[in-house]
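Number of protein chains: 4
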Amino acid sequence: MDIQPHDTEPRWKRKAYSVIFESDTPAGRAFDIALLVAIVLSVLAVMLESVHSIDAQYGYYLRIIEWGFTTLFALEYIARLVVVRRPLTYALSLLGIIDFLAIVPTLATLVLSGSRYLLVIRTLRLLRVFRIFKLGQFVGEGEFIVTALKASRFKILVFLTAVFTLIIVVGTLMYVVEGGQNGFTSIPKSVYWAVVTVTTVGYGDISPVTVLGQALASVLMIMGYAIIAVPTGIVSAQMAAPRPTAAPAPLYKQVICHVCQAGDHRPDAEYCWRCGEKL
Amino acid sequence: MDIQPHDTEPRWKRKAYSVIFESDTPAGRAFDIALLVAIVLSVLAVMLESVHSIDAQYGYYLRIIEWGFTTLFALEYIARLVVVRRPLTYALSLLGIIDFLAIVPTLATLVLSGSRYLLVIRTLRLLRVFRIFKLGQFVGEGEFIVTALKASRFKILVFLTAVFTLIIVVGTLMYVVEGGQNGFTSIPKSVYWAVVTVTTVGYGDISPVTVLGQALASVLMIMGYAIIAVPTGIVSAQMAAPRPTAAPAPLYKQVICHVCQAGDHRPDAEYCWRCGEKL
Amino acid sequence: MDIQPHDTEPRWKRKAYSVIFESDTPAGRAFDIALLVAIVLSVLAVMLESVHSIDAQYGYYLRIIEWGFTTLFALEYIARLVVVRRPLTYALSLLGIIDFLAIVPTLATLVLSGSRYLLVIRTLRLLRVFRIFKLGQFVGEGEFIVTALKASRFKILVFLTAVFTLIIVVGTLMYVVEGGQNGFTSIPKSVYWAVVTVTTVGYGDISPVTVLGQALASVLMIMGYAIIAVPTGIVSAQMAAPRPTAAPAPLYKQVICHVCQAGDHRPDAEYCWRCGEKL
Amino acid sequence: MDIQPHDTEPRWKRKAYSVIFESDTPAGRAFDIALLVAIVLSVLAVMLESVHSIDAQYGYYLRIIEWGFTTLFALEYIARLVVVRRPLTYALSLLGIIDFLAIVPTLATLVLSGSRYLLVIRTLRLLRVFRIFKLGQFVGEGEFIVTALKASRFKILVFLTAVFTLIIVVGTLMYVVEGGQNGFTSIPKSVYWAVVTVTTVGYGDISPVTVLGQALASVLMIMGYAIIAVPTGIVSAQMAAPRPTAAPAPLYKQVICHVCQAGDHRPDAEYCWRCGEKL
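Residue numbers (UniProt numbering), protein chains in the order written: chain A, 1 to 279; chain B, 1 to 279; chain C, 1 to 279; chain D, 1 to 279.
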């Protein structure tokens with residue numbers, strides 16, 4: 001994202017950019033942390049507002065806080081647009097869209113009445129929490145996890161395909177075995193039950209009642225138990241693998257014999273190993 | 001499975017074989033992916049059909065789609081029989097049987113009335129999804145997982161025997177402790193409860209009520225908690241183990257120059273690297 | 001357990017001992033497998049007998065089977081007593097006691113009426129399944145797991161102490177927070193709930209209702225989630241650790257200079273490295 | 001914590017300090033174990049007291065036991081204050097505060113009526129159990145776990161941030177999807193449900209009922225299933241990592257005999273091992 005102001009731009013703009021977008025100066029770090037706190041508090045306000053008893057009593061204050069944060073985020077969004085070199089590039093980037101969406105829901109309540117569905121968008125602000133990982137020692141650690149997961153992605157995909165197939169086959173089987181009774185009223189419901197079981201969540205809202213169903217469920221559970229070892233093994237092995245180190249010194253001299261064209265000489269060789277010619 | 005057409009067979013047959021059975025040509029890959037999409041869609045149709053409200057409204061269209069896919073799979077099955085060298089060998093192979101079963105259930109509804117049990121067979125089509133692993137980068141990854149699991153199979157068997165013994169002993173114990181009450185109405189039911197507990201699924205459809213029962217259940221849970229470390233450890237250790245590589249070629253020739261006493265020559269060196277003397 | 005017959009004992013006795021107690025001859029292996037099958041079938045009979053509907057219909061036959069197995073196990077027990085050198089040593093060993101207990105419950109039904117509690121003892125027969133691990137390739141694998149667990153036992157003990165402390169402190173806290181309501185009627189019940197939660201079993205027979213209780217429970221769950229990584233990590237690391245290999249060839253010559261008493265010479269040294277004397 | 005008595009202090013004080021605070025003498029170990037047993041028994045008494053039926057019958061004796069233990073712990077606390085060099089430093093240390101809190105609750109019941117909240121403090125006595133880890137072989141093991149967790153703390157923090165964001169976003173989404181019905185009555189409740197689900201606890205006190213909700217929940221469960229691999233992988237990799245060892249001394253002297261050109265002499269060799277010449 002090439003939005004950093006050029007060196008030819010005014011000093012205040014470059015300064016503001018480093019504070020708002022970067023975090024390697026004390027001011028930039030302070031800005032990021034303040035923003036983080038504001039995000040967490042604003043999400044907390046949204047959560048509290050959804051509790052009827054709290055909303056009934058403190059709804060008025062929560063709405064004031066809500067508007068305060070929205071103003072704050074709007075100012076921040078405008079500041080970001082001002083300091084970047086290419087505002088449109090920023091506005092259309094993922095972080096830019098999230099930053100924009102953070103101010104939309106509250107404004108929307110002015111126009112729309114049923115803004116309940118906008119609640120979700122408000123919590124998307126939380127995604128900006130990941131900005132914190134630009135700070136200090138987190139960079140390497142976050143990268144380490146992401147790298148390990150990326151390196152394992154094909155293995156995990158193969159594994160998930162196998163699990164999905166198992167889940168759908170067993171889910172259908174249970175639908176037949178339990179005869180569409182006891183909560184297994186359709187194949188999707190039975191598949192939902194299979195997911196709940198294989199992942200060992202086990203709500204118990206649907207559970208087998210027939211003897212055959214319980215036997216089949218037991219087999220599925222034992223399999224789910226063994227299966228969980230696979231993704232864990234994949235990620236563990238990936239993380240325990242030695243990180244690729246700097247390339248070792250070349251084993252051979254980067255020179256070719258001018259007589260016989262032989263290569264791969266010892267690094268300290270003075271004569272060609274094939275024809276004995278001085279290198 | 002030696003079903004590949006001989007080089008003496010007509011060109012169109014060999015070409016068709018490579019498209020239908022293999023996936024290392026663009027056409028073969030396209031065929032595999034198209035088949036995969038058809039399988040997933042057909043299973044989706046089966047699943048939707050089992051939902052009463054959807055079946056009541058769209059049942060007619062779903063049945064049309066169902067017949068469409070059945071025709072498609074029938075044509076594909078016939079095509080497979082035609083292009084292979086030994087149709088019977090293919091027809092009796094595991095994949096051949098699954099391919100055949102994919103068209104049976106819909107046809108069977110013409111004859112039989114209660115075809116509910118055939119639903120399961122239809123979802124077995126999903127097993128053909130594993131054909132996708134013949135594609136590109138999945139081969140190695142799938143093999144890696146299967147190899148690790150195979151190498152661990154005796155360890156996992158020993159582990160499962162221990163778990164089964166624990167489950168049956170504790171299940172019987174709970175039957176006695178809870179006195180055949182609170183859902184523990186027979187030993188098989190108690191064993192079912194023990195499986196649900198050890199695997200940490202915990203539906204809660206059966207749960208201990210007496211103090212002694214709850215104490216015993218707590219011990220079982222803590223044990224199940226520790227036990228889950230074992231299969232994970234086995235698979236992790238197996239996957240983290242360095243893959244056995246071919247023994248490396250000796251790095252140096254076991255000879256010393258008779259003039260300058262230099263050693264460590266290339267394995268195929270004919271002249272000394274230090275003084276150029278014939279070795 | 002020094003119960004093996006001396007070489008001076010009659011041949012038939014030594015032969016019988018090797019068949020009954022060992023499994024490195026074909027006859028011994030066949031005996032072990034037959035015994036295994038008998039044990040599993042007898043436990044199955046006990047389990048089926050506990051199901052009311054099956055007992056009502058087939059109880060008569062199950063009781064006959066029961067007596068058949070008991071006679072079989074009694075004969076086996078007598079045979080074991082006869083062939084060993086020190087019958088008392090065997091009878092008082094763990095396996096000897098289990099073998100004896102395998103025949104007690106059925107006999108006890110002749111005398112006692114309420115033999116329900118003896119059911120548990122019957123399933124203890126299952127512990128003899130572990131004899132199978134003396135067979136073939138299982139020996140090494142079983143030992144591998146046991147060794148890894150033994151090597152980790154102190155780490156696991158430290159870990160379990162921490163978990164128990166957490167469970168009891170949080171259990172008490174929940175008893176106070178939920179005010180003895182909602183199933184948290186006593187500290188032991190709350191502790192039982194904490195075990196159910198930390199192990200991620202989650203029956204749901206007791207679950208927090210107050211806001212504070214649910215918040216506290218959430219913290220406990222996240223902790224339990226992180227905590228499960230610890231025993232798995234311990235066992236994985238233990239299993240992934242390179243097994244101690246055979247001692248490498250000695251680095252030094254096992255000779256001491258007769259002049260200066262220096263040791264640790266190169267394996268091919270002909271002269272002392274300290275004083276230059278011929279070795 | 002520099003509270004150990006100086007060598008100039010009376011002998012009995014130094015002796016008492018080593019018994020009470022240390023555990024490398026037989027007396028010190030015996031004291032620690034006795035204390036451990038007293039702590040466990042006292043917590044057990046607190047737990048039993050909270051069971052109504054037991055309290056009704058044995059409450060009188062439990063209260064006597066309670067006072068007995070309180071007296072014991074009070075004496076121990078006074079003894080600790082007497083033998084240390086700086087009583088205030090000890091009293092304000094974490095262990096000192098826990099030791100003090102162990103005696104407060106029982107005394108408080110003399111003054112206060114509703115001492116229910118003091119129950120929690122009583123069980124904090126259990127934290128003193130960790131003193132046991134000063135004993136023998138536990139020191140290293142406990143340190144090993146703590147070191148591995150400490151080394152992984154940033155990775156785990158990054159991981160937990162991601163999990164929390166996921167939980168809050170999905171929780172809010174479910175509140176909207178389930179329309180504030182079926183137990184998802186507020187965002188905090190929905191977030192609580194998301195925690196219960198991601199950690200695979202799955203009480204089932206709240207569970208999705210709408211089709212969309214169950215689909216979303218299935219996705220969350222599969223994610224939670226894959227996610228649990230991450231902390232386990234982190235800790236496993238950390239524990240499996242080779243502990244940094246001191247660099248090994250060079251195996252051979254970097255010198256070649258000027259007579260016979262032999263190399264690979266011992267690092268401290270003065271004479272050639274092949275020809276006996278002074279190096």
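Treat each hint with caution, since some may be false.
Stated by the list, open to error - Straight-line alpha carbon distances no greater than 27 Å define the calculated DSSO-like cross-link-like pairs of lysine-lysine that follow:
hint	chain 1	residue 1	chain 2	residue 2
1	C	278	D	150
2	C	278	B	150
3	A	150	D	150
4	B	278	A	278
5	D	150	C	150
6	A	150	B	278
Just so you know, these hints were derived from the structure itself, not from any lab. A quick note: this is a predicted structure, and the numbers were derived from the prediction, not measured.
Right, here's what the structure says about each hint:
1. C/278 <-> D/150: Violated. Residue 278 of chain C to residue 150 of chain D sits at ~57 Å, over the 27 Å cutoff.
2. C/278 <-> B/150: violated, 57 Å
3. A/150 <-> D/150: holds, 25 Å
4. B/278 <-> A/278: With a Cα-Cα distance of about 13 Å, the restraint between residue 278 of chain B and residue 278 of chain A holds, given a limit of 27 Å.
5. D/150 <-> C/150: Within the cut-off at roughly 25 Å; holds.
6. A/150 <-> B/278: violated, 53 Å
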